[in-house]
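Sequence lines, in order, name chains A and B. In terms of our numbering, the first sequence opens at residue 2 and continues consecutively. In terms of our numbering, the second sequence opens at residue 4 and continues consecutively.
Source of the hints: derived by calculation from the structure; they are not laboratory data. There could be a bad hint or two in this list.
[What the hints assert, rightly or not] Simulated crosslink set (PhoX-like; lysine-lysine; CA at most 20 Å straight-line):
(1) K46/A with K520/B
(2) K508/B with K319/B
(3) K6/A with K106/A
(4) K508/B with K447/B
(5) K81/B with K95/B
(6) K46/A with K319/B
(7) K46/A with K508/B
(8) K401/B with K447/B
(9) K401/B with K119/B
Note that this is a predicted model, so its numbers are computed, not measured.
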Amino acid sequence: MPIRKVRIFNGFERFWHWTQALLIFVLLFTGFRVHGYYGLISFDKAVYFHVVAALSLIVLWIFAIFWHLTTGTWRHYLPTTKGLWPVMRFYAYGIFKGEQHPYRKHFWRKHNPLQAASYLGLKLFLFPLIWFSGLAYLAYNYWQGGISHPALEWVATIHVAAAFAILAFVIIHLYLLTTGGGFLHHVAPMITGYDEVELTDAELAYLEQDEPQRLAKE
Amino acid sequence: MPGRFRSSFHLFPMLLCLVGLAVARAEPTAQAEQEGGKVELGITEYTDIGVKGGVDNPITALDEDKRRKSTADHTKYKELQGPFSSGPEVTKACLSCHNKAGDQFIHNKHWTWSYKDPETGQQLGKDWLINNFCTNARGNEGMCAQCHAGFNRTSPDYDLTKQENIDCLVCHESTGTYYKLPPSKGNKACAILFEGKPPIDWVKVAQSVRLPARANCGTCHFYGGGGDNVKHGDLSSVLFHPPREVDVHMSEQGENFACIICHVGEGHQWAGSRYNMIAWDEKEHALPKPGMERQTATCESCHGDKPHPFSIRGFKLNDHVDRVACESCHIPATARGGVATKVFWDWRTAGRLKNGVGYREEGYVQGNGEPRHTYKSIKGSFKYGENLVPTYRWFDGKVTYTTIDTVFDPSKPVEINHIEGSPQDPKSRIWPFKRMVTWQPYDKGRNTLVYMHLWGDDEDAFWGNYDFARAIRRGMEENGIPYSGEYGFVKTWSWWPQNHMVAPKEQAVDCDQCHSKNGRLKELAGFYLPGRDSQPWLDWFGLLLVGGTLAGVTGHGLLRILLRGRRG
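Bound conformation, chain A alone (with noise of 0.2 Å):
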């Protein structure tokens, strides 16, 4: 089967993902200063930087959700068990053996199934959790009733127990960048856009035939 230079992230999608990613490190960093952690700026500052970039961060996931619906990405993230196994038995232990990943990416399904699976939970779960907990928290006066309430404390609780979780998933989604091919060849696709896929031969047709600017010219 040939292998090609088949574009798999977009423009939006590759602005999407490093704006997303400023963003996350932006909040991040002041979070962890207004909770508390270390006064390297201001809490005043921190607060402002926090909030703009969370600010930000929803518009772009309003633009995010309605792109992934609309072209239909969104079944990128479809969970599957269907060669789960063997992708987690490659990390655990075929890794140190200098095994092959098991997954072969298709050009209509980038993520295997490991991946897809964290990413949904990320999308599905974390992330709104931290955003809800969040706009409760910006917007307190609002729901408070005029009292020092103590779900405050809960709501604040949520939303840095979230970002814990959010910055151990940042860590494990920069080691993974070193497995493979290494970091370079990880991080290329989602500047390019282009990333070497095996395609069967009706996959190549295909492409040729109705999506001919995918294909990197040989």
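Use these hints to put chain B onto chain A, whose structure you have.
Here is chain B on its own, set in the frame of chain A:
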């Protein structure tokens, strides 16, 4: 012109009268020759009180405004051509035209020294209360009534209906040459207060009247507690000419406000009494009603309840307004500008003598270079503070006082005024206070405070004989208060809300000052404060999760490198 300025005064003569300022006030001699060297006598801190001309006589923006717009020139009135030989004669002349002013004023606290709290039902007012400075005015009117807005109040039996005794001049004159002396001479230790004052030119001061300026109010209110800034912490002689960074409203480089710009009122009743405070003005007074007068002295009555600009930062700051008083952030420290405030007073050491006479010690030099007394035989020992971080407390405006009949537990500090409030109460906000700490006499048998007979030319007055037993017995007897006959000393606290000396906005308290582990609000519990509070388990959870993840990927990575090497 705002309707609240009912009467108008032509202030042109003020210019002429200001020349009077050039006449230096004769300094009373504070020292007397004693055998064995010079011994400082007396209570000369009081010499600034009631003599504003000697301190300063600033012209406020209100003065300038009135001078331009007034339709009356008091120098031309035949009623004010004199001759006058006393204050009451001037007052009669004033009341002959302002024929409702007398009736208005005799219902005012400055005259009655009495206030019944409508909420707590407590009888308050200077005539009744005991504080933890000089303790009680009652029975000591001969000294304390120097700051009564009337003439010759020498006892609690003062005739409150006699309008000619109202002192119009102390509040309204503008020459700076008018002064008030204590109504009676005390003992020898104090008598030097009365020496060397130039006579008052009654006609000149009577013709100089205007709406009260900072000099008028400040002549008493900046000296509460017996000296410059002793009592309040946020009211000192610095406010005659405050630099902008000390008081953005009253500074001549700022708004140059007179006190009555905020302490608005009509008919000789003013807003902004400490006895009944508005701790949260959002609902009642800060609603946007264009052109409407608001008879309150709150910040919100001018600035509204959303004072910060429309922006992300402004939005967050406005979120604070319902929980944090404006003063908490905008008065960054107490006693700024070079004049210290008294923070500790120990009556237990009063009465020490040198060569058989009382003396004073100067042990503190304040910011403006002037010394302050750290010991006086007549009062005991003191400590001072400047640029103090206030003490913050939840406050709902309600204050209950320890009055003469309140029984307390002397093993704990007694709160002279107890402030109420809590984070769970929507009417409470976090307020800044100065806390005054004092050891003062109490009735050991009955566990109540006492009235002391401090001032007088008799043998029982403490300021003369230095004998607590006699001073307390006399003070209690005179007022018909039961007394066990045995006195002790009890530690007391009093709380002084900080409202003045509002700094320019760029000097407001930084967020970190409160939103941090050991910040200004570390003593306040019962609510979640971001940056200060955290569930202890949350930080452990985070450490385990993030630390565990890092350990996991590190171990995974090391294993990969190790095994690859072995294979290689």
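Verification of the supplied hints:
| no. | hint | verdict |
| --- | --- | --- |
| 1 | K46/A with K520/B | holds (18 Å) |
| 2 | K508/B with K319/B | holds (16 Å) |
| 3 | K6/A with K106/A | holds (12 Å) |
| 4 | K508/B with K447/B | violated (49 Å) |
| 5 | K81/B with K95/B | holds (13 Å) |
| 6 | K46/A with K319/B | holds (12 Å) |
| 7 | K46/A with K508/B | holds (17 Å) |
| 8 | K401/B with K447/B | violated (29 Å) |
| 9 | K401/B with K119/B | holds (13 Å) |
Checked against the numbered hints given earlier, the structure breaks hints 4, 8 and satisfies all the rest.
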